[in-house]
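Colleague: Line by line, the protein sequences give chains A and B. Numbering-wise, the first sequence is residues 5 to 300 according to the numbering used here. Numbering-wise, the second sequence is residues -8 to 492 according to the numbering used here.
Derived from the structure by calculation, the hints contain no laboratory data. A couple of the hints might just be wrong.
Restraint-style ranges between C-beta atoms, simulated for each label pair [said to hold, decoys possible]:
id: 1; chain 1: A; residue 1: T221; chain 2: B; residue 2: R373; range: 51 to 59 Å
id: 2; chain 1: B; residue 1: N81; chain 2: A; residue 2: F101; range: 22 to 30 Å
id: 3; chain 1: A; residue 1: M265; chain 2: B; residue 2: I365; range: 38 to 46 Å
id: 4; chain 1: B; residue 1: I127; chain 2: A; residue 2: P271; range: 49 to 57 Å
Chain A regions said to be covered by chain B (calculated; three or more residues, Cβ under 8 Å) [unchecked claim]:
id: 5; stretch: 158 to 169
id: 6; stretch: 177 to 188
A short, non-exhaustive set of chain B residues, derived as facing chain A with CB atoms under 8 Å [said to hold, decoys possible]:
id: 7; residue: S322
id: 8; residue: E337
id: 9; residue: L351
id: 10; residue: V362
Think of the CB as a built atom: it goes at the ideal place given N, C-alpha and C, for glycine as much as any other residue.
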Amino acid sequence: MLLLVGMRDINFLSPENLINLAADVVPLLIMAVGMTFVIYIGGIDLSSQSVANMSTVLATIALPTFGVGAGILVIAAGLVAGTVSGVVTTRLKVPSFISTLAVGGIALSVGQYASGQQALHMDTAQRQHAFGWMTGQVAGVPVSLILALAIVALAWFIQTRMMPGRIFKALGAGEPVVVASGIRAERYRILAFALSGMFAALAGLMFSVRLSGGSPTLAEGFLLPAIVAVLVGGTPLTGGVGGVLNTLIGTMIVAVVRASMLYFNIPATGQQIFFGVVLIIAIATTIDRSKMRVVK
Amino acid sequence: MFELVNVEKRYMGVHVLKGVDFRIDDGEIVGLVGENGAGKSTLMKVIYGAVQHDAGTLLVDGAPVSFRSPRDAMKRGVGMVYQEQSLIPNLTVMENIFLGFEKPFVRFGAINWKKMAEAARRQLAKVRLDIDPGTITARLTFAQRQLVELAKVLALEERVEGKLVILLDEPTSVLSRDEIELLFSVVRALRHRASFIFVSHRLDEIVALSDRIYVLKDGVVVDVMEAKGADISAIQKKMVGRDINGEYYREDRQAPYDPDRVLLELDHVEIAGQGNDISLTLHAGEVLALVGVEGSGREPILRTIFGMLRPDRGTLRIRGEPVHAFSPAHSVAHGVGYVPRERKVEGIASGMNVFENMTLPQMRNYSHAGVLDIRAERDLAREWIGKLSIKVPSEYADCGNLSGGNQQKVVLAKWRSSGSEIILLDHPTRGLDIGAKEDVYAMIRDMSAHGVGIILVADTLEEAIGLSHTIAVIKDGEIKKWFSCQPKAKPSLYDLIQYMV
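With the rest of the complex left out, here is chain A:
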């Protein structure tokens, strides 16, 4: 795909353009990485986009008062939203696609209410003071990209080298064996949702710093590509296999596809059609049917 577009316009393959392409995709990548944890245990998080929206608003509002603390506040808000999804899913036994849809609705409203339904702007000096380091470059590579890769590395470490990651894998393989091994499975399920919420908030924070503002619809159109990135990367909806690195690859595929579509002058409004179709194909081809007896 890269080459195809490269043939039409050689500038597309220039290092700067590729780096820009990667930097553009940072918020999506972080959101998708968070989503990976939930899909890895066999759930789904539909609240990510709304949580990110909410956090762009909260970050912009909190910036004048708290400075860098705004970031921490926003991440905490995401953690809370994710935890609520997790608790509702595990304790109240509400399927995750409903619980996260509901929490997403709540988060969206919080964003709308807090922003007064309008786009807010960060004060340039304050932004520079608190988050200026995020927008700079090191040796030509944007700091935000380095930061994103560091976050991916951290998530990968959690997934492969830490106890929660191992338990996430076991939960994806089958929850009864986790319970029968004396592990408090519910706690770890909640943790997966909490991590997803936190990563979504982080994605929103970085997005709002980049665009120097916040609005309850800023991250609109992120949810579908994020899910597509996870699934195309190779983490099936039934969970247990795949993981963070797969999502990194999946996100790159999504990024390239999206950029290519711009080059071919496909309007942005048409992109979601494409992602919707890809999502269906990705699910239909990767799902582990042995784990699902009946599709409802």
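Could you slot chain B onto chain A? The hints should help.
Modeller: Frame of chain A, contents of chain B only:
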């Protein structure tokens, strides 16, 4: 007459059936035995059309046929009574019997229920089941459902020409003695209507029911014998290809337990919702077997001890300490291990490798501040793979792909390596072949020798008698009788059965 001539089947390069010849005459009952992996289930699948063979011929009354699906096979009178029951629980019995074949009852697009009920009653009469065909299937007992399943296959009779061939895959594995007898008498009475292929791990049943017995080993029929006068140990020898140790249950290794070290005590415990009163004591090195018919309440006792159920009343003490918090996490932390009956659901995480499975209940010991020490985990797995001679290419092998015996060894290693002192075994040899069973018995003796207390719900009574120090006979949730089970002074089957039923 149904015949297979020189049937071959390969799965992804593995030669599963190597030129199998198989014949069943009208009205005959043929037993099919073989170890796990001998090719029994593949052979069955070829016969009922779920799998297509690569070479060879299927003949019905001498005419070659080809089955592309189970429905094709059903049209030629070959039907399967599934081990994992295929009935849909929320439909009525008659709907299940005629599922997919409702056409004769349809008039103007609507089903004539009366007519269907009438027809269903005729089918149920064949298997001597006197129930209302409008009953919701979920309300039936397991044995009744098995008979409905048989009736469903027998309903083919009216739709096909020629005689039926019915496959029974492990039909007795979850039935009690009485129910097995009932099933057998029904099968014998149906001989004039159909011939049967009977697959079971229980060789005594095979010998009792069949006319002829096919012994399958490594995809080849190694022997066909008359069941009359067949010797079980001779069959076993043919299946395994070697002599079975006369001391099957390793009674020679049964050492007395330590009466002074009490590991577990149930003091007038009432299991949730059962209204019973259970008291028992488990000592270090003791094997305590709970025996009883299916549904007598053995599993709930195990699940209570493991913390999956909270007792309504009474005290449970682990090493003298009363338990207040009932959860598997609490039990595991206090050294209780559980080898579940549903090995693939609760025992093994398929998709995870050997060391990941083994350390699942004990990750805290293999991590620092949440970071796993994978090198130590692998060392542990390698150690136990060697100790228990688990057949795996490496500790990275996916446990989901292992044979039943090797999976069970991984489950046992998981609890042994985490230092569990009280191990609950729920049907630990279920579905294992003879070689793997022997390994499990040896491991049980090893555990006893190391001072582990074991509560066993065995697959067969013989197993319970052979392995245990103490037997509690359970009926209707209550302990009816205690037996001491010293080597050379063990109670007989009859002694136990009279308290079971």
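Colleague: Now look at each hint and say whether the structure bears it out.
Modeller: Verification of the supplied hints:
About 55 Å separates the C-beta atoms of T221 of chain A and R373 of chain B, a value consistent with the hinted range of 51 to 59 Å. Distance hint check for N81 of chain B and F101 of chain A: the Cβ-Cβ separation is about 24 Å, which falls inside the suggested range of 22 to 30 Å. For M265 of chain A and I365 of chain B, the hinted distance range of 38 to 46 Å is satisfied, since their beta carbons lie about 42 Å from each other. As the Cβ distance of I127 of chain B to P271 of chain A is approximately 55 Å, the hint placing it in 49 to 57 Å holds.
Only when three residues or more bring their CB closer than 8 Å to a CB of chain B does the claim for the stretch 158 to 169 of chain A stand; here the count is 4, and the claim holds. A count of 11 residues in the stretch 177 to 188 of chain A with a Cβ less than 8 Å from any Cβ of chain B is obtained; the coverage claim is therefore met, three being the minimum. Because the beta carbon of S322 of chain B sits about 7 Å from the nearest beta carbon in chain A, less than 8 Å, this interface hint is met. Look at E337 of chain B: its Cβ gets to within about 4 Å of chain A, closer than 8 Å, so that hint holds up.
Interface restraint check: L351 of chain B against chain A, minimum CB-CB distance 4 Å, threshold 8 Å, status holds. Because the closest C-beta pair between V362 of chain B and chain A is about 6 Å apart, less than 8 Å, the hint holds.
Violated hints are absent here; each numbered hint is respected by the structure.
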